[in-house]
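Undergrad: Listed below are the residues making up each chain.
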Amino acid sequence: MHSLNDPQLLREIIMDHYEHPRNRGLVDDDSYLKINMNSQTCIDNLDIQVKFDGDKIEDVRYDGEACAICTSSTSIMSELVKGKTKQEAQKIIDNYMNMIYEKDYDPEILEEAIAFQNTYKQANRIKCATLGWNGLVALMKESEE
Amino acid sequence: MHSLNDPQLLREIIMDHYEHPRNRGLVDDDSYLKINMNSQTCIDNLDIQVKFDGDKIEDVRYDGEACAICTSSTSIMSELVKGKTKQEAQKIIDNYMNMIYEKDYDPEILEEAIAFQNTYKQANRIKCATLGWNGLVALMKESEE
Amino acid sequence: MFDVNQIRKDFPMLNGKKMQGHPLIYLDNGATTLKPQVVIESVCDYLTNYSGNAHRGDYDLSHEVDEHYEQSREIVRQFINAKRKEEIVFTSGSTDSLNMIAYGYGLTHLKANDEILITVAEHASNTLPWFDVARLTGATVHYINLDETGRLTLENVQKAVTEKTKIIAVAEVTNVLGYQAPMKDICQFAHERGIVVVVDGAQSVPHQVTDVQDTDIDFLAFSGHKMCGPTGIGVMYGKYDLLKDMKPTRLGGGANSRYNSCGVVTLKDPPYRFEAGTPHIEGAIGLATAMQYLMKIGMNDIHEYEQELRQYCIQKMLQLDNVQVYNPHSMGAIAFNIKGVFSQDAASLFNSYGIAIRAGQHCAKILDEFLKVSTTLRASFYFYNTKEEIDAFIEVCKKGDDFLDAFFK
Amino acid sequence: MFDVNQIRKDFPMLNGKKMQGHPLIYLDNGATTLKPQVVIESVCDYLTNYSGNAHRGDYDLSHEVDEHYEQSREIVRQFINAKRKEEIVFTSGSTDSLNMIAYGYGLTHLKANDEILITVAEHASNTLPWFDVARLTGATVHYINLDETGRLTLENVQKAVTEKTKIIAVAEVTNVLGYQAPMKDICQFAHERGIVVVVDGAQSVPHQVTDVQDTDIDFLAFSGHKMCGPTGIGVMYGKYDLLKDMKPTRLGGGANSRYNSCGVVTLKDPPYRFEAGTPHIEGAIGLATAMQYLMKIGMNDIHEYEQELRQYCIQKMLQLDNVQVYNPHSMGAIAFNIKGVFSQDAASLFNSYGIAIRAGQHCAKILDEFLKVSTTLRASFYFYNTKEEIDAFIEVCKKGDDFLDAFFK
Ligand SMILES: Cc1ncc(COP(=O)(O)O)c(C=O)c1O
Ligand SMILES: Cc1ncc(COP(=O)(O)O)c(C=O)c1O
Chain V
1 MHSLNDPQLL REIIMDHYEH PRNRGLVDDD SYLKINMNSQ TCIDNLDIQV KFDGDKIEDV
61 RYDGEACAIC TSSTSIMSEL VKGKTKQEAQ KIIDNYMNMI YEKDYDPEIL EEAIAFQNTY
121 KQANRIKCAT LGWNGLVALM KESEE
Chain F
1 MHSLNDPQLL REIIMDHYEH PRNRGLVDDD SYLKINMNSQ TCIDNLDIQV KFDGDKIEDV
61 RYDGEACAIC TSSTSIMSEL VKGKTKQEAQ KIIDNYMNMI YEKDYDPEIL EEAIAFQNTY
121 KQANRIKCAT LGWNGLVALM KESEE
Chain Z
1 MFDVNQIRKD FPMLNGKKMQ GHPLIYLDNG ATTLKPQVVI ESVCDYLTNY SGNAHRGDYD
61 LSHEVDEHYE QSREIVRQFI NAKRKEEIVF TSGSTDSLNM IAYGYGLTHL KANDEILITV
121 AEHASNTLPW FDVARLTGAT VHYINLDETG RLTLENVQKA VTEKTKIIAV AEVTNVLGYQ
181 APMKDICQFA HERGIVVVVD GAQSVPHQVT DVQDTDIDFL AFSGHKMCGP TGIGVMYGKY
241 DLLKDMKPTR LGGGANSRYN SCGVVTLKDP PYRFEAGTPH IEGAIGLATA MQYLMKIGMN
301 DIHEYEQELR QYCIQKMLQL DNVQVYNPHS MGAIAFNIKG VFSQDAASLF NSYGIAIRAG
361 QHCAKILDEF LKVSTTLRAS FYFYNTKEEI DAFIEVCKKG DDFLDAFFK
Chain L
1 MFDVNQIRKD FPMLNGKKMQ GHPLIYLDNG ATTLKPQVVI ESVCDYLTNY SGNAHRGDYD
61 LSHEVDEHYE QSREIVRQFI NAKRKEEIVF TSGSTDSLNM IAYGYGLTHL KANDEILITV
121 AEHASNTLPW FDVARLTGAT VHYINLDETG RLTLENVQKA VTEKTKIIAV AEVTNVLGYQ
181 APMKDICQFA HERGIVVVVD GAQSVPHQVT DVQDTDIDFL AFSGHKMCGP TGIGVMYGKY
241 DLLKDMKPTR LGGGANSRYN SCGVVTLKDP PYRFEAGTPH IEGAIGLATA MQYLMKIGMN
301 DIHEYEQELR QYCIQKMLQL DNVQVYNPHS MGAIAFNIKG VFSQDAASLF NSYGIAIRAG
361 QHCAKILDEF LKVSTTLRAS FYFYNTKEEI DAFIEVCKKG DDFLDAFFK
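Chains as they are written, first to last, in the UniProt record's numbering: chain V, 1 to 145; chain F, 1 to 145; chain Z, 1 to 409; chain L, 1 to 409.
Isolated chain V (complex conformation):
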């Protein structure tokens, strides 16, 4: 677990994922579900792809144009949920959203995603910090249909 009280560390996490985003780049593979997430009030515009294997999230990909907050939160998300079951992913998502919306959450489970714990102080960035996550939610829902 990362120290919650070391802004320098949290900041480095965000910069690291912004400058070296993990799982970035789309694949040309019909077995992935795909969604375009574009924030209607800002510039972020990402395509998200998820491959499910039964109950499992086998892969997460994304690409597009987005700010640091959006890019790195999506990168961290992709690492966190890859290989997890939908149920496990849902628990991570729930905790993340709780953190963003200032409710109780379990920092342990969020790992690097705790870097976004201050988002509420700049409420206009919430849309950036959740864009990729909401894309995942939408695709998980779609996979159930």
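Quick caveat, the hints were computed from the structure, so don't treat them as lab data. Treat the hints with caution; some may be incorrect.
A few chain L residues facing chain Z, derived, Cβ under 10 Å [as the list claims (entries may be wrong)]:
| no. | residue |
| --- | --- |
| 1 | 123 |
| 2 | 127 |
| 3 | 260 |
| 4 | 358 |
Even glycine gets a Cβ: it sits at the ideal position worked out from N, Cα and C.
Position chains F, Z and L with the ligands against the provided structure of chain V, taking the given hints into account.
TA: For chains F, Z and L with the ligands alone, coordinates are given in the frame of chain V:
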């Protein structure tokens, strides 16, 4: 001249012209100029006809649907200007408008039209008390073109 | 508990405003309504304390505006009990809303020989756009007959509907005759036949409980200023699927998400695609405040009290020989005339006693073909009116014959 | 004499409003502007003291509203020096005005193969309606090239015009690059060829003297909220003869003088035919008050002071290595980026110091094809900004690289 201070008399003038409008009814005669006056903010809707003979106003006619103030002010106007030269009519019109808009005017020249001297107290009736008169003005102008 | 004297304290215009030297008696609520202090304050609050743009900018002030604006949408949703807040589109008023429906939905869904049903009691704003859309598409406008009192009944709707009927556009309460249409029954009948029901709620939404899910209407239009809100703001409600299938009538900033120089445009989802340009922000906020104010008093109580006022007034008017009432049994405005007095002259007389009522055709200009009088007087109440005001109104009705008094006081 | 400290006292938002703990530095005036106390008061005055309907009713209150409303029209006429007040149409904003022109004039006057000229720097509200009107009529939208700095020149207009050109629709000052178009020359050239010139004045009318008779433009659109006025109100100016020849985009109460059940409609004369429904009364009144306020300060002085501010700011910015300015020589907003920082992240950093600036495409979404950057930051001034505010802004520009500070303060 009528007593300016006898509301009862002024009122009778208006009622008389409302109930027995003079020169009412249109004629089917191309030598008359014609205009439709309909107040865009109230219900009054009159057609006005004027026959000019050179510089002289030979006849004034009107018909339509209008309130008491509009009907009787038009009736009185028709009597006042019939047979007058355009110049004479213009003087009457100017005095009438001055009275309506609370400027200096000569009551003598307005004869029965002084019944409308209180119009400014109910400013929303100005449009009624001037509709027919404005029709005359428009036709006089047209006759010059 | 409904306490009108307490309520009146909320309205600055009822505390000191005079007309012709008399305290204002405002009985033209069908045209527009007075504003309570809370609404005035909420408008000023925006202008004074957080006057930024909504949906724009990337700073806290803009976010603050956004939150207020979207919160207002949510309050409107509650007020009419819509399923989702995305079904609430802010417009500049009923007229704008009805035009958006006619040109945005009607124009794109009607074809030659389709039929649009309206009534002769509709307001111009629910008539003229349909004439024009009919002209453009080759569809035709037909009239549902009113019954002999002027009421819209399910039976007459059933008689008027044909295979070709695609849209029924009617007022829930009409602005001159004030009858309530049986919206729920009409919708049920219409929906069985795939007909879309457009409701002009300008005179109903301010005065009674509105539940769009219960009546199941497809579109609803109403204005803020007729329900204690600011002018220049109104609402178009539409079922989400219908909105998705509809074209905006105004294009521009905020309505599109992407486009390029070749003209390829991607519209945003409802409601944003319909709100191009900077919206009337303090209008939306003021309207939401008005709705909260109304909900706090209670729409049921408001409705009941207004009906009580109307009964009280009608009973007194029916006792007067010189007064003709055209709609004693409806629930909205009272349409009447003073016998032998042109409506405009009569309105002037009321004015001279400080009473605001309206004369004319009330923008329902084809109604004269039904009522057979070309103009009427209209007295319309709101929950802040009182029986004492009605008593004063009745006294002036009695003076009707002396209508020139107004001119010589 | 122009005294900014005196002027700032008129604006409640400049006296106490904070953002992220810092006094607000508002540099997003291109999006919307702050409101002086007199405007707030005139809006409240209507809502509090004479909240009736305009053009309606037959009593003094309604007449009083009418007078204020029409007086507001006259003040707008003065402000832009139109020939007649009947050439002033109140709308809900620039977007509404531009759509009214495109659909009310363009749609009825364009035919297949006619050409509409715009530029890639136009705001979405002066682009999308023309795309749609072109689609509906078979006309085509062509682009006038900007020069290498992003400026619209007469030469390039001349090059773009063909026999088929019917309409030129351009911003007098564009909202991202802020260059001033030579409107008078363009109009002269266009009118010799019977081309109608539509001007988007959203970013020019608030900041400089506007004289529609001198430039001879045919149509002008602008918004109240970008010039100290309320939201939800704007103006469409049109030469009277063009307005007479134009179809309203909204039909309804107040716009028609007569109609019957057969669909025969007689429209009122301009401007009333374009103002169907209850207008935004306090909006028009508030806008007129804003214009009086601006005229009292003097539009020339305002313009001069704003240019001085811009120069001051540009000079400081050009000294910074980490800042790229895209339009050092224009006169409107400053378009720039902090090198290596995504615009939205940068805006966030400014926010954390209480500075409101905007990031994004600024509703001119096809400009990226010209600037070759997909998004920029935009700082836009108004006459109440100061050099001290610019100094603070420059300090944050310098901190650009630490943009995540915003997140960890
Ligand atoms: C150049 C330009 N045109 C049009 C508009 C649209 O103005 P409004 O949002 O007030 O309709 C704007 C404002 O963003 C603008 O800058
Ligand atoms: C039944 C009805 N529909 C529509 C309207 C138009 O409302 P607005 O003038 O607010 O657009 C009115 C108001 O006069 C009305 O009474």
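Undergrad: Decide, hint by hint, whether the structure agrees.
TA: Outcome of the hint check:
Annotation: interface hint on residue 123(L) holds; nearest CB of chain Z at approximately 6 Å, less than 10 Å. Annotation: interface hint on residue 127(L) holds; nearest CB of chain Z at approximately 7 Å, less than 10 Å. At about 6 Å, the closest approach between the beta carbon of residue 260(L) and any beta carbon in chain Z falls short of 10 Å, and the interface hint on this residue holds. Satisfaction of the interface hint for residue 358(L) is found here, the shortest Cβ-Cβ separation to chain Z being roughly 5 Å, below the 10 Å cut-off.
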